[in-house]
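Given chain S, put chain D in place with the hints provided.
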Amino acid sequence: MKKEFKATRFPSPEFQQEIQKCATPYRGNPAPINHTLQALAAPPLNCKTVIFEREYVDKDYQDEYAAFYSRAFKKYPPRAVRLHFFAADLTDADIPKLETVVPPTAHLGFLVLRPTDLQRVGRTVLKPTLKDPDREFIHCLGEFQAHILGQRFTVQAMPFIQQDTQVGACAQASLWMVARYLSRRFGHREFLPGEINQFAKAKGAWGRVLPAEKGLYWNQMLNALEAMGLSAWSYKMDEFDECSKHIDAALVLPPNSTVAEQAQHLLQVRLLKFADIAYRYIESGLPVIFGTSNHALVGIGHTYDYAVPAQVAIQRIPAFLTHNDNTGPYGTMPISTTAAGLTFAQVEDLIAVVPMEVTLRGEAAEVMARRAITTFLRFPTANPLFPTYKDLICQLRPEFNALLDKLEFRTFLTPSVDFQKKLRADAGGGQFDRAVADRLIELDYPKFIWVTEISSPTLLNYPKREDRKCLGRVIVDSTAPSRTWGEIAVHFCDFLGMLDRQTGKASTWENVPNTTPFGHQVVK
Amino acid sequence: MPNTTESTDSTVTQNEHADLAQEARNQVNHILAQTNWQQYWSDVSEQGEREIDAYEAACARSLASASKKFVH
Chain S
1 MKKEFKATRF PSPEFQQEIQ KCATPYRGNP APINHTLQAL AAPPLNCKTV
51 IFEREYVDKD YQDEYAAFYS RAFKKYPPRA VRLHFFAADL TDADIPKLET
101 VVPPTAHLGF LVLRPTDLQR VGRTVLKPTL KDPDREFIHC LGEFQAHILG
151 QRFTVQAMPF IQQDTQVGAC AQASLWMVAR YLSRRFGHRE FLPGEINQFA
201 KAKGAWGRVL PAEKGLYWNQ MLNALEAMGL SAWSYKMDEF DECSKHIDAA
251 LVLPPNSTVA EQAQHLLQVR LLKFADIAYR YIESGLPVIF GTSNHALVGI
301 GHTYDYAVPA QVAIQRIPAF LTHNDNTGPY GTMPISTTAA GLTFAQVEDL
351 IAVVPMEVTL RGEAAEVMAR RAITTFLRFP TANPLFPTYK DLICQLRPEF
401 NALLDKLEFR TFLTPSVDFQ KKLRADAGGG QFDRAVADRL IELDYPKFIW
451 VTEISSPTLL NYPKREDRKC LGRVIVDSTA PSRTWGEIAV HFCDFLGMLD
501 RQTGKASTWE NVPNTTPFGH QVVK
Chain D
525 MPNTTESTDS TVTQNEHADL AQEARNQVNH ILAQTNWQQY WSDVSEQGER
575 EIDAYEAACA RSLASASKKF VH
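Chain order of the listed sequences is S and D.
If you're matching positions, the first sequence starts at 1 in this note's numbering and goes up one per residue.
If you're matching positions, the second sequence starts at 525 in this note's numbering and goes up one per residue.
These are calculated hints, taken from the structure and not from any lab test.
The reader is advised that the hints may include incorrect statements.
What the hints assert, rightly or not - With a cut-off of at most 20 Å between alpha-carbon atoms, the simulated EDC-like pairs for lysine to aspartate or glutamate come out as follows:
no., chain 1, residue 1, chain 2, residue 2
1, S, 48, S, 99
2, S, 406, S, 357
3, S, 203, S, 226
4, S, 245, D, 580
5, S, 59, S, 241
6, D, 593, S, 348
7, S, 447, S, 357
8, D, 592, S, 226
9, S, 505, D, 567
10, S, 245, D, 570
11, S, 21, S, 117
12, S, 390, D, 567
13, S, 245, D, 577
14, D, 592, S, 213
Bound-form chain S, shown alone (with noise of 0.2 Å):
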């Protein structure tokens, strides 16, 4: 039996023929299929050719195979259809030697058509449809492979998948998403959707198991990310007025507003909050789902808009980026009271997903990394020409007076060798002083830190990211109690501050001049 490819012209007649052939009767919801279609037509994909491949096994699809499809009395076939998409014009005589005519930047991705009788799109991996790699970002990208006749192909992607509705519903397909990308960024194994549907109801007794079209409790997904060995942490969005004060400081409402006024804004103060603490998360390259009243999707990443009038980070992202199992992936979701559509406003519950060694929330981790850094401005120096460290600082850069009284705080979780590593290159590449990154990457750090960069409007205000600066950042353990002094060091404005974990010991600051501004770090 030898394996079976066919390679063809895409978009065409000959396409549509072939996909017509292996993706119907295809009922339920089609948008994920129709919109990954159009996607790849257009640039930055720019698909000139798409290979089936038939027969393939997709362990994915075995495992629903297994769990459900298997034991109904319609015969269903055990094994998928793989469409493998390519930039480039290929014929089926070009398949055995592909490695040697297709460019690797060429191979944008695949995605499985399970036989199913309902939303047949099955585990995808497809490179992203950004196409301003300034003002769009998707952080949460994982390598993956695809073969054909043994010539490896490599895409870095966010993995997506349609409800199947019967092995999972929209729930368990974002806990997939999350749980197969997870596995490529941190190492561990992969979880299959029945897996994932039986974990969500292990604990409790919830009914029947299958078939799982009706979907999960909010609290039946934080059961599964446990059971996958994934720290788990959900938001509700109306529980957090009291909290986030510095965006409250920075929306303030005006005086003598009408009652319509204030429900606005008391609308628009909620959503900026709970999008910052999303934020944060997606920012690590960390997934987040979002739960709106009856539907469960995954952010990725986020639009930023650097020209915007901003006093918080916030303000600068327009739009989340996700994976909806609804709509297909690498939508858009406006952080948007006003706009049409699905937006951010729509989104009750949020769950972040960290790495289990994580213990202190991000919101945590800045609020200690703002109070470095308020401290800081104006902790006293017993000099009376320069009575605060503000004072000194205006006095030592008076170009940093100006950017001193509209701080931006952004912050991310990193692996620590990531942030050494990243240290070590911006120093090389003579865009970090050498001399600090030797100092921060000496110390002993946890397996994940978080660093929170401060920054102002005027070193923001550009168009091309690498030309966006920071006036410095801290560094906070991710381990810390969130009472604890968690704060591991502080590089600001040309001073560089320690404090010891392990005794609780000050060391004195230092100033190192001309160390700031440096260049702002992309996580990916």
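Just chain D now, kept in the frame of chain S:
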């Protein structure tokens, strides 16, 4: 020789700048050495406590409502 004179003037100015820079550095180092950094970290910790408490209470309430939410 104007060039030599100019060069000597420049060297003098550079030396003066270096002296001033060293003096400024000494002054900054003195300020840093006189600062009570242990007190600084105590202040940082105390000031963040109320806000962290608010987040923790909100997260606890969020979790309590998780069993009522259903997605499909």
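Cross-check of the supplied hints:
no.	hint	verdict
1	S/48 x S/99	holds (17 Å)
2	S/406 x S/357	violated (34 Å)
3	S/203 x S/226	holds (11 Å)
4	S/245 x D/580	holds (14 Å)
5	S/59 x S/241	violated (45 Å)
6	D/593 x S/348	holds (10 Å)
7	S/447 x S/357	holds (8 Å)
8	D/592 x S/226	holds (19 Å)
9	S/505 x D/567	holds (14 Å)
10	S/245 x D/570	holds (16 Å)
11	S/21 x S/117	holds (14 Å)
12	S/390 x D/567	holds (16 Å)
13	S/245 x D/577	holds (13 Å)
14	D/592 x S/213	holds (18 Å)
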